[in-house]
Amino acid sequence: SQTIHQWPATLVQPVGSPLSLECTVEGTSNPNLYWYRQAAGRGLQLLFYSIGIDQISSEVPQNLSASRPQDRQFILSSKKLLLSDSGFYLCAWSGGWGATDTQYFGPGTRLTVL
Amino acid sequence: DAKTTQPPSMDCAEGRAANLPCNHSTISGNEYVYWYRQIHSQGPQYIIHGLKNNETNEMASLIITEDRKSSTLILPHATLRDTAVYYCIVRVGMDSSYKLIFGSGTRLLVRP
Numbered sequence: 001s002q003t004i005h006q007w008p009a010t011l012v013q014p015v016g017s018p019l020s021l022e023c024t025v026e027g028t029s030n031p032n033l034y035w036y037r038q039a040a041g042r043g044l045q046l047l048f049y050s051i052g053i054d055q056i057s058s059e060v061p062q063n064l065s066a067s068r069p070q071d072r073q074f075i076l077s078s079k080k081l082l083l084s085d086s087g088f089y090l091c092a093w094s095g096g097w098g099a100t101d102t103q104y105f106g107p108g109t110r111l112t113v114l
Numbered sequence: 001d002a003k004t005t006q007p008p009s010m011d012c013a014e015g016r017a018a019n020l021p022c023n024h025s026t027i028s029g030n031e032y033v034y035w036y037r038q039i040h041s042q043g044p045q046y047i048i049h050g051l052k053n054n055e056t057n058e059m060a061s062l063i064i065t066e067d068r069k070s071s072t073l074i075l076p077h078a079t080l081r082d083t084a085v086y087y088c089i090v091r092v093g094m095d096s097s098y099k100l101i102f103g104s105g106t107r108l109l110v111r112p
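Protein sequence lines correspond, in order, to chains A and B.
Each residue of the first sequence is one higher than the one before, starting from 1 at the first, in this note's numbering.
Each residue of the second sequence is one higher than the one before, starting from 1 at the first, in this note's numbering.
Check before you lean on any hint, since a few could be wrong.
Using 20 Å as the maximum straight-line C-alpha spacing, the simulated SDA-like pairs for lysine to any residue come out as follows [what the hints assert, rightly or not]:
#1 A:K80 to A:E22
#2 B:K3 to A:Q38
#3 B:K99 to A:S67
#4 B:K3 to A:G52
#5 B:K69 to A:Q38
#6 B:K3 to A:P18
#7 B:K99 to A:K80
#8 B:K99 to A:S65
#9 B:K52 to A:H5
#10 B:K3 to B:N57
#11 B:K3 to A:Q45
#12 B:K52 to A:T102
#13 B:K99 to A:S78
#14 B:K52 to A:K79
#15 B:K69 to B:I39
Per the computed footprint, the stretches of chain B lying under chain A, defined by three or more beta-carbons under 8 Å from a beta-carbon of chain A, are [as the list claims (entries may be wrong)]:
#16 11 to 22
#17 38 to 50
Think of the hints as simulated: they come from the structure by calculation, not from any bench.
Bear in mind the structure is a predicted one, so any value in this text is a computation, not a measurement.
Backbone N, C-alpha and C fix where the C-beta goes; we use that ideal spot for every residue, glycine too.
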């Protein structure tokens, strides 16, 4: 069966510091991968999605970037964090199997920028 | 912007059916309706999805109106562990770059 991992689970970072969040998927190959952010009490906002290695699309202009160095690894980064980057970051994967494709979410990383 | 509207909160008694409504009046003919739920501080959990026919799985049933402008998620016998935020989502796009646009969801409280 497929599993998705995210780390770290929680992170507290000062403003202006760099960021690296990691997401890995097991049990599948060539998945679509997604990064979402959830502000406190809000719904999820899609940040990036990737349909393959080095194929990444950005949904929202911001100081974040994403990379996919391996087929089942998705990394979210920032060179300098802002206070507004605080939130719950969720990675998701899907099989990309057409009209009924389903996204499955990881456990998330809670980021607090101070 | 989300293409769905949901009541912000609902409650039901444990053991009773929970019926969560969703309006999606601008849905297009080939757009699917998805339901997820999110228990506090966890990642969203997929529940069910459908296009025009009613769907049922081990977790829930999805009833979509004939005009497809609204749907209802039914949890037949709610338990305390079903307390969560439930998101109704219209999938936008048909190819591999499709998007799930989340709204604010319905906070369901199951009472003992």
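Hint by hint, here is what the structure shows:
no.	hint	in the structure
1	A:K80 to A:E22	holds, 17 Å
2	B:K3 to A:Q38	holds, 18 Å
3	B:K99 to A:S67	holds, 19 Å
4	B:K3 to A:G52	violated, 28 Å
5	B:K69 to A:Q38	violated, 27 Å
6	B:K3 to A:P18	violated, 35 Å
7	B:K99 to A:K80	violated, 28 Å
8	B:K99 to A:S65	holds, 19 Å
9	B:K52 to A:H5	violated, 34 Å
10	B:K3 to B:N57	violated, 24 Å
11	B:K3 to A:Q45	holds, 14 Å
12	B:K52 to A:T102	holds, 17 Å
13	B:K99 to A:S78	violated, 23 Å
14	B:K52 to A:K79	violated, 45 Å
15	B:K69 to B:I39	violated, 27 Å
16	11 to 22	violated (count 0)
17	38 to 50	holds (count 7)
When each numbered hint is compared with the structure, violations occur for hints 4, 5, 6, 7, 9, 10, 13, 14, 15, 16.
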